[in-house]
Amino acid sequence: MNALQLNAVGKTFVMHLQGGLRLPVLRDVTFSVAPGECVALTGPSGAGKSSILKLIYGNYRCDTGQIAIQAGTETIDIATAAPREIIAVRHSTLGYVTQFLRAVPRVSALDIVAEPQIARGTKPDEARAQAATLLGRLNIPERLWSLPPATFSGGEQQRVNLARGLLPDHPVLLLDEPTASLDAKNRAVVIDMVRERKQRGAAIVTILHDDETRAAIADTLIDTTRFAA
Amino acid sequence: MISAAEQPLLAASGLTKYYGAQLGCRDVSLDLYEGEVMAVVGESGSGKSTLLQLLSGQIEPGSGEVRYRTRDGQTTSLWEMSEPARRFLYRTDWGFVHQDPQRGLRMGISAGGNVGERLMAVGWRNYAQIRDAAADWLGRVEISQTRIDDTPRTYSGGMRQRLQIARNLVTSPRLIFMDEPTGGLDVSVQARLLDLLRRIVSDLRIAAIIVTHDLAVARLLSNRIMVMKDGVVIETGLTDQVLDDPQAPYTQLLVSSILPA
Numbered sequence: 033m034n035a036l037q038l039n040a041v042g043k044t045f046v047m048h049l050q051g052g053l054r055l056p057v058l059r060d061v062t063f064s065v066a067p068g069e070c071v072a073l074t075g076p077s078g079a080g081k082s083s084i085l086k087l088i089y090g091n092y093r094c095d096t097g098q099i100a101i102q103a104g105t106e107t108i109d110i111a112t113a114a115p116r117e118i119i120a121v122r123h124s125t126l127g128y129v130t131q132f133l134r135a136v137p138r139v140s141a142l143d144i145v146a147e148p149q150i151a152r153g154t155k156p157d158e159a160r161a162q163a164a165t166l167l168g169r170l171n172i173p174e175r176l177w178s179l180p181p182a183t184f185s186g187g188e189q190q191r192v193n194l195a196r197g198l199l200p201d202h203p204v205l206l207l208d209e210p211t212a213s214l215d216a217k218n219r220a221v222v223i224d225m226v227r228e229r230k231q232r233g234a235a236i237v238t239i240l241h242d243d244e245t246r247a248a249i250a251d252t253l254i255d256t257t258r259f260a261a
Numbered sequence: 658m659i660s661a662a663e664q665p666l667l668a669a670s671g672l673t674k675y676y677g678a679q680l681g682c683r684d685v686s687l688d689l690y691e692g693e694v695m696a697v698v699g700e701s702g703s704g705k706s707t708l709l710q711l712l713s714g715q716i717e718p719g720s721g722e723v724r725y726r727t728r729d730g731q732t733t734s735l736w737e738m739s740e741p742a743r744r745f746l747y748r749t750d751w752g753f754v755h756q757d758p759q760r761g762l763r764m765g766i767s768a769g770g771n772v773g774e775r776l777m778a779v780g781w782r783n784y785a786q787i788r789d790a791a792a793d794w795l796g797r798v799e800i801s802q803t804r805i806d807d808t809p810r811t812y813s814g815g816m817r818q819r820l821q822i823a824r825n826l827v828t829s830p831r832l833i834f835m836d837e838p839t840g841g842l843d844v845s846v847q848a849r850l851l852d853l854l855r856r857i858v859s860d861l862r863i864a865a866i867i868v869t870h871d872l873a874v875a876r877l878l879s880n881r882i883m884v885m886k887d888g889v890v891i892e893t894g895l896t897d898q899v900l901d902d903p904q905a906p907y908t909q910l911l912v913s914s915i916l917p918a
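If you read the protein sequences in the order shown, they are chains D and P.
Residues in the first sequence are numbered consecutively from 33, following my numbering.
Residues in the second sequence are numbered consecutively from 658, following my numbering.
Bound-form chain P, shown alone (with noise of 0.2 Å):
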């Protein structure tokens, strides 16, 4: 069923950080393996989004390491690839969707470039296949193909984050990082969004790591959960066992916090 010798696609083991005496989050290790999506919990100021800057490299650890299989099975410590191979992986393997989709858009070009850019970036140089890619990808994240030439001042909160995760999964990534992917969206929109990461993940088999502080989003979205509190992981887990039978006093305190709808 499941091969012994997979390797993690991505492991990281005893990340730490500190900014200054603050502590942003204290020796978290966790395997993610090709497909999985797991989410990570938390109020602010649990250390979530440090630690989704430290897998993905943005930030480096004041100790531990991350390591990352690439698509030649060769698993490297992030920190010992040299900066060009570093950015390589952010440009084809990898992708990041940002809770502000203006900090992951080129807010000044059309929709249709911000997509194709990701692809010139990995060498497609075609101007009609990359049109047609973009055309393709707007079409999936369900943009009107008669808005590709608009650039995204022109659309709306929910329309950006659209297009955002379209720029980011054009080059087909293996592992996605999502920082609150639907905070700041109305309900309905936020729905439409779900839904369509939902199909995204699930569809492409892509491996995921989200952050959020909504449990709902968590339990729709991803299969392993981990739990943070003051920069420290509470408790890990299969998704609906920690949502349905938690076991630390701070995840009971979480789950029995939310309104029933």
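Chain D on its own, in the form it takes in the complex (with noise of 0.2 Å):
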């Protein structure tokens, strides 16, 4: 069974203030995912590949397919699914590192990471165990934890934010560039965290422009330019 199915997906943007310019992006997206398999979406820069992300997480609305996942025993259709659903769905099941952390004034980088681990049902100490385990894992300073990431690097801010995404065991996981801005240490311990939640089952669809980590990481490649609009 599949933990991910993406059905003739298409998607078009209606721009209403450039008197209703019409900007088809993607049609007929067609994949599937399996537990434990790695996913990476490959293709030009605008070739849509964060809007398919975008799309499966329910970021951007889907105009028409469908977008099936499997969440504990339900199957739910991110395309038609309520919003309430979608929510559920991002707690128990779907995981989403975006390139950027969007950080929340005033709240330290560990609260930023134990926030969706206690809001899964973790206890708020345990949470936060978990996310300076992680932390640590990812080398991010202990000093630096109990501040909030505002001020920090681009490449302590994207390990942040991957410490937060990666932290909550979500059977489907979308990271897009997860390693973009890591050096050659840190992408060796993405890598290594990423085969490991694979070995556990989880089902990732990524964007890397890392041929390296591609190959240590990814099952399948997916042409994203077959969707063009």
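FYI, nobody ran anything at the bench for these hints, they're computed from the structure.
Glycine included, each C-beta is placed from N, C-alpha and C at the ideal position.
There's no promise every hint is true.
Some chain P residues near chain D, calculated using beta-carbon distances under 8 Å [to be verified]:
(1) 670
(2) 690
(3) 701
(4) 848
(5) 849
(6) 909
Using the supplied hints, reconstruct the complex from the two chains, each of which is provided in its own coordinate frame.
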């Protein structure tokens, strides 16, 4: 059974401020991801790779087709699900690591990482301990854990964001350029972490520009230019 | 995952209100479930504050109704309740945070008294317990215990707003209405208040309806959003979806009008 199945997904943006300009971006996006499989989306910039991740996460509204996610014993179609169903799927099943951390004023790095785990029902102390372990593994110095990450370097922010996205054991994971601003040492850590998640059965869709990382974690490559609308 | 049997906490259907010939809001329907935070956004005159007053039973709709599920599991129409029953809701199950803290506080009594008053209204009588609970809540909204006996007149705007929040939350309401809770505050004070509200709604799993004209506030605090203009609903949905992929021309205009920081 697939963890994630996209079927004939299409997306067109209508820009009302530009006189109703229609901007088709994707059509007939069809692929599936099995548990334990890592699919890498490839293609030049502007081919709609990030848009596909946003459609799966429900950030973008899906115009046509289905996006079926196996959530526990249920299958939820993100394209038609009610907002609160999507919120529930995000809690239980679907994780998304974006390229950039959306820092919240005054919230420490440790709490930013622990927060989704607490929302899923882990006790706050336990979630913070798990967050500390992960931040340590990603080489974020302990003196930074209690600080809000707004002033951290790009690479540090990305690692905080990765820790936040990877801590909950979501069975479906979307990773947008997870290693873009990381050095070789931290890239290796992320590769290990993603491999562990695959072994535990996570289905992963990722965008990776770095060939080495792609070779290390991706099982299947999907060229998104064939979905160009 | 989601129990199909779960009923909304608050359900509004066809809410319409005119002030004479002037439209307040027209035909607004929404369902709010336990633990959900919905933002109602729009510019001045969009009808969002009228909607909040209708939802919270402060004004009676011209047509349509608001139904609320009480703790005993019964769902009742607000205006079919008796006046005392409705008042009981305000004191126990609901909170209302006004933009202007002076409207939500008693300026002449101490901070501790402001918080304790809500507890006395639901039957608490033991002075020491009331004072302890008030002190605990002042701590949770980051007001020093040394200020417990001072009146809100001596407080800054941000402190007053935090005190108003403590006063509302001390009775563990299930639903809280907020009207521009960060309006009129300095940016640094806003950030502190937002962080506080964010933690409170997620820790207590409280349902909330937040009226704001600030899309950043909506994004930070809410999981669902309703966009209003000229008294009608323009667009609703998941907050990040509506803000990242707005469908309606007006929502696109709103989203594109924000200056990036």
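A quick look at each hint next to the structure:
Look at residue 670 of chain P: its Cβ only gets to about 17 Å from chain D, farther than 8 Å, so that hint breaks. Using the Cβ-Cβ criterion of 8 Å, the hint placing residue 690 of chain P at the interface with chain D is satisfied: the shortest such distance is roughly 6 Å. At a threshold of 8 Å, the smallest CB-CB gap from residue 701 of chain P to chain D is about 21 Å, leaving the interface hint violated. At its closest, the beta carbon of residue 848 of chain P sits 4 Å from a beta carbon of chain D; the interface hint therefore holds under the 8 Å criterion.
Taken as an interface hint, residue 849 of chain P checks out: its beta carbon lies about 6 Å from the nearest beta carbon of chain D, inside 8 Å. Annotation: interface hint on residue 909 of chain P holds; nearest CB of chain D at approximately 5 Å, less than 8 Å.
Hint compliance for this structure: hints 1, 3 are not met, and every other hint is.
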